[in-house]
Amino acid sequence: MTVFRLYWRIFWKNSVIALIYFMVFIVLGLIQVQNYPEDEFSFSIVKTKIVFVDRDNTEITQGLKSYLEKYAIYKDIEEGKIEEALFYNEIELYVEIPEGFTEALKEGEILPIGIKTGSQAPRAHIITRTIQKYSHLAYVHINNGQDSEALVSKLRDLLDREAVVSEVGRAGADLSESVYYFNYMAYLLLALIISVISVIMLAFKPLEIKRRNLLSSISNRKMNLILLFCNFLLGIGFLLALLVLGIILYPRQVLTGSGFLLMLNAFIFIFPVMALSYLVVTLFDSKNVITACGVVFSLGFSFITGVFIPQFLLDEKILLIAKFIPSYYYVANNNKINEIANLNFQNLRPVLTNFLIQLGFALLFILITVYVAKKRETQEN
Amino acid sequence: MVVKLENVTKTYKKGVRALDNLSFEVRDGEIFGLLGPNGSGKTTSINCLLGLLKYESGNIEVFGEPMSANRYDLKAEIGFVPQNVAVYTELTVYENVDYFCGLYVKEKEKRRRLVEEALNFVSLLEYRNVYPRKLSVGLLRRLNIACGIAHKPRLIIFDEPTVGVDPQTRNRVLEGIKRLNREGATVIYTSHYMEEVEQICDYIVIMDKGKVIAHGTNEELKASIRHGETIEVQLLEPKKEYLELFGKIHNVYSTYYKDDILVIKSEKGSTNIPNVLEILKDKGIKYGLLFSEIPTLNDVFLEITGKELRD
Ligand SMILES: Nc1ncnc2c1ncn2[C@@H]1O[C@H](COP(=O)(O)OP(=O)(O)OP(=O)(O)O)[C@@H](O)[C@H]1O
Ligand SMILES: [Mg+2]
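Heads up: the sequence lines are chains A and B, in that order. Counting from 3, one number per residue, gives the positions in the first sequence under the working numbering. Counting from 2, one number per residue, gives the positions in the second sequence under the working numbering.
Okay, chain A solo, but in the shape it has when bound:
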């Protein structure tokens, strides 16, 4: 109890850093909310800017293009500049129908349609789903002996009828805004946990302090367990605060099955970050160095693993490095969860894999920490 109280006392005295991070985050979050339409209703009023490249150019594919006019405004952009345009929000979606698409449908196969979305593309979702439905319907009805023109108008009918129903029946909600929020959380969790938890742990680190505590009725093991427990509580506390904020900002997105997955992902992400904070405090003895680590790791990791800039815009080489960092898998997982339309085991497999990878990182960091700590201890004896 004494140590427990001490921990929170020391936290309290270091809580200014946490408070500042939270304030910044809340302000950014609010700006974010204002930039987004607040519900699905407003999506339909504002049309999405898209680039539609039709390499097949049949009546069927042209039919899709004209149907999409309900939701989309078509833009012409040079092929090399697509990614840039996506990044700067000049367009929100890029669609590429592959050559031979219609032929393949007749053969009983749906060729994958190339789709790229921008960083902030909440509305693009409706379009990608419409495209999926269109191709599925076309696949089902194409060999009914109708001519293409009749087929296209039939598809339009079917889509119009289904549009209303399907919004209700969908399991995975459209998470685009909250995914952005959750991705951004990676930055904050890294910054908070490394700078706050590591700094608290630093207070317990000096050899003299350790020895002094060892002299009391508390064993080293018990002490470490109490600290671990407190750190865990604090980590969860940070997470909860951020989740509550997320729920307040995007209740319709977060309080869904997919939203739950996002929260679970964030919970799992706590583990590698906490392990990293232990590693940092084991390696460094100075408060300034540790605070700097908090800034450098959180910003650096966030830049190269797709928190600030979407992963698909990042350079291959950078992504290669990013794969050695747990937040890459956290962000990738958020994006993946957003893409899943139906929450079934098959679809969740990659998500689970990413959970395991994150936990693997936690284990790795812990092993390194234990190794370094053992080495240090030997030097002290």
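Some hints here could point you the wrong way.
Stated by the list, open to error - The calculated lysine to any residue pairs, modelled on SDA-like cross-linking and capped at a C-alpha distance of 25 angstroms, are: (1) B:K14 x A:I79; (2) B:K259 x B:G285; (3) A:K212 x B:G285; (4) A:K376 x B:L53; (5) A:K212 x B:L140; (6) B:K15 x A:V372; (7) B:K109 x A:I211; (8) B:K111 x A:I220; (9) B:K15 x A:D287; (10) B:K14 x A:R213; (11) B:K55 x A:E210; (12) A:K212 x B:T306; (13) A:K212 x B:K135; (14) B:K282 x B:L246; (15) A:K77 x A:Q64; (16) A:K51 x A:I115; (17) B:K15 x B:K109; (18) A:K207 x B:G285; (19) A:K118 x A:V372; (20) A:K212 x B:K15; (21) B:K55 x A:I79; (22) B:K14 x A:L209; (23) B:K55 x A:R223; (24) A:K207 x A:G239; (25) B:K15 x A:L216; (26) A:K207 x B:K282; (27) B:K15 x A:K77; (28) B:K153 x A:I211; (29) A:K118 x A:E85; (30) B:K107 x A:N222; (31) B:K14 x A:D56; (32) A:K83 x A:D56; (33) B:K153 x A:D56; (34) A:K212 x B:T10; (35) A:K207 x B:L246; (36) A:K15 x B:K135; (37) A:K207 x B:K135; (38) A:K15 x B:G285; (39) A:K49 x A:I79.
Think of the hints as simulated: they come from the structure by calculation, not from any bench. Quick caveat: nothing in here was measured; it's all calculated off a predicted structure.
Go by the hints and put chain B with the ligands onto chain A.
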């Protein structure tokens, strides 16, 4: 017997042999002094006896029972004031003492009283809400002491508590230790300042290179050596031939110059001051100041090891 070390040998991982067959005993109710130059193994022996360090051979008993890292019952009766200040920089003076006291005393009201008492003891009451960063070295050392003694342990160990402290604070600390001892605590006091040890310790062990080189009371130690008196004369015109001249005096066993000061050392017996004065007058040697010094622990150390306690 409160503490008993028996043939303790400790070698650090880097190969430094810090304790070499070290044995000593601390009796109930005494102030026990552990005197030795820097690096002689004082801190190492304290850490071993507290169960903080492993050692490869020997036995250590505290309160008559074998001491080890998990004897929390024994540790609870020990107060420790480490050589390096061990306090939390995030906590105020009061909170620090309260924390360390709280490791032993759970009862709130009792603890509050003990903390107040400890702060009063080191005269830090007015600094209760100050953070350690803002304290001077002397005040910090006093806080360090308060943290170690607040729970009123039976045995208190001070590891060089006065390093870097002004003379006034030092005297206060020493007085305080005597008071704790009068109130019933057994004290182990380590230092490389012989004056402090002479001033407060009932029994003294002198260490060098991890070994006990002498032990006894202050008087016993001084009586054990042949040295009896040091006379120092400041000469206006020091000459080499004087060394021989004064060396001939009965009982004098060594003469040498320390700058312009002639040092004359004689064995135990009657004082040689009259003899020295007579020669000075006879030969018309001009001199400034003249001191005579009875033996110190430094002389004991010097005679046994051939080197000064402090260089
Ligand atoms: N962690 C360590 N690793 C290796 N050698 C050490 C370690 N700590 C102390 N030593 C060595 O052990 C010897 C005894 O050191 P110790 O600190 O016990 O001496 P001390 O009498 O307390 O000295 P001081 O008056 O400087 O505090 C010294 O030679 C020292 O260099
Ligand atoms: Mg020492």
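Evaluation of the provided hints:
1. Pair hint B:K14 plus A:I79 does not hold up; C-alpha atoms about 69 angstroms apart against a cutoff of 25 angstroms.
2. For the hint pairing B:K259 with B:G285, the CA-to-CA distance comes to about 21 angstroms; that is within 25 angstroms, so the pair holds.
3. Between A:K212 and B:G285, the direct Cα distance comes to roughly 66 angstroms. Violation of the 25 angstroms bound is thereby established for this hinted pair.
4. Straight-line distance between C-alpha atoms of A:K376 and B:L53 comes to about 16 angstroms, which keeps the hinted pair within the 25 angstroms bound.
5. Annotation: proposed proximity of A:K212 to B:L140 holds, straight-line Cα distance about 22 angstroms (limit 25 angstroms).
6. Of the pairs offered as hints, the one joining B:K15 and A:V372 holds, with about 21 angstroms between alpha carbons and a cut-off of 25 angstroms not exceeded.
7. With a C-alpha separation of about 23 angstroms, the suggested pair B:K109 and A:I211 falls inside the 25 angstroms cut-off, and the hint holds.
8. Distance restraint check for B:K111 and A:I220: the Cα-Cα separation of roughly 20 angstroms lies within the 25 angstroms cut-off, and the hinted pair is therefore satisfied.
9. A threshold of 25 angstroms between alpha carbons decides the hint, and for B:K15 with A:D287 the separation of about 22 angstroms falls inside it, so the pair holds.
10. A C-alpha spacing of about 18 angstroms is found between B:K14 and A:R213, which places the hinted pair at or below 25 angstroms, so the restraint holds.
11. For the hint linking B:K55 to A:E210, the alpha-carbon distance of about 16 angstroms falls within 25 angstroms, and the restraint holds.
12. As the CA atoms of A:K212 and B:T306 are separated by approximately 36 angstroms, the hinted pair breaks the 25 angstroms bound.
13. With a CA separation close to 23 angstroms, the supplied pair A:K212 and B:K135 stays within the 25 angstroms bound.
14. Restraint check for B:K282 and B:L246: satisfied, since their Cα atoms lie roughly 13 angstroms apart, inside the 25 angstroms limit.
15. For the hint linking A:K77 to A:Q64, the alpha-carbon distance of about 16 angstroms falls within 25 angstroms, and the restraint holds.
16. For the hint linking A:K51 to A:I115, the alpha-carbon distance of about 18 angstroms falls within 25 angstroms, and the restraint holds.
17. About 45 angstroms separates the Cα atoms of B:K15 and B:K109, which puts this hinted pair outside 25 angstroms; it is violated.
18. A distance of roughly 68 angstroms separates the Cα atoms of A:K207 and B:G285; the hinted pair therefore is violated under the 25 angstroms criterion.
19. Using a Cα cut-off of 25 angstroms, the hinted pair A:K118 and A:V372 is violated, with the two alpha carbons roughly 43 angstroms apart.
20. Of the supplied pair hints, the one linking A:K212 and B:K15 holds, its CA atoms being roughly 22 angstroms apart against a limit of 25 angstroms.
21. For the given pair, B:K55 sits about 73 angstroms from A:I79 by alpha-carbon distance, which is inconsistent with the 25 angstroms threshold.
22. A C-alpha spacing of about 17 angstroms is found between B:K14 and A:L209, which places the hinted pair at or below 25 angstroms, so the restraint holds.
23. The hinted pair formed by B:K55 and A:R223 meets the criterion: a straight-line CA distance of about 17 angstroms does not exceed 25 angstroms.
24. The suggested pairing of A:K207 with A:G239 holds, with an alpha-carbon distance near 23 angstroms, which does not exceed 25 angstroms.
25. Using a Cα cut-off of 25 angstroms, the hinted pair B:K15 and A:L216 holds, with the two alpha carbons roughly 24 angstroms apart.
26. About 67 angstroms separates the Cα atoms of A:K207 and B:K282, which puts this hinted pair outside 25 angstroms; it is violated.
27. Of the pairs offered as hints, the one joining B:K15 and A:K77 is violated, with about 72 angstroms between alpha carbons and a cut-off of 25 angstroms exceeded.
28. Straight-line distance between C-alpha atoms of B:K153 and A:I211 comes to about 20 angstroms, which keeps the hinted pair within the 25 angstroms bound.
29. Restraint check: the Cα-Cα separation between A:K118 and A:E85 comes to about 9 angstroms, which is no more than 25 angstroms; the hinted pair holds.
30. This hinted pair checks out: B:K107 and A:N222 have alpha carbons roughly 19 angstroms apart, not beyond 25 angstroms.
31. Between B:K14 and A:D56 the alpha-carbon distance is near 73 angstroms, which puts this suggested pair outside the 25 angstroms criterion.
32. For the proposed pair A:K83 and A:D56, the alpha carbon gap of about 17 angstroms is at most 25 angstroms, so the pair holds.
33. A C-alpha spacing of about 87 angstroms is found between B:K153 and A:D56, which places the hinted pair above 25 angstroms, so the restraint is violated.
34. With a C-alpha separation of about 24 angstroms, the suggested pair A:K212 and B:T10 falls inside the 25 angstroms cut-off, and the hint holds.
35. Of the supplied pair hints, the one linking A:K207 and B:L246 is violated, its CA atoms being roughly 63 angstroms apart against a limit of 25 angstroms.
36. For the given pair, A:K15 sits about 16 angstroms from B:K135 by alpha-carbon distance, which is consistent with the 25 angstroms threshold.
37. A C-alpha spacing of about 21 angstroms is found between A:K207 and B:K135, which places the hinted pair at or below 25 angstroms, so the restraint holds.
38. About 74 angstroms separates the Cα atoms of A:K15 and B:G285, which puts this hinted pair outside 25 angstroms; it is violated.
39. The hinted pair formed by A:K49 and A:I79 meets the criterion: a straight-line CA distance of about 17 angstroms does not exceed 25 angstroms.
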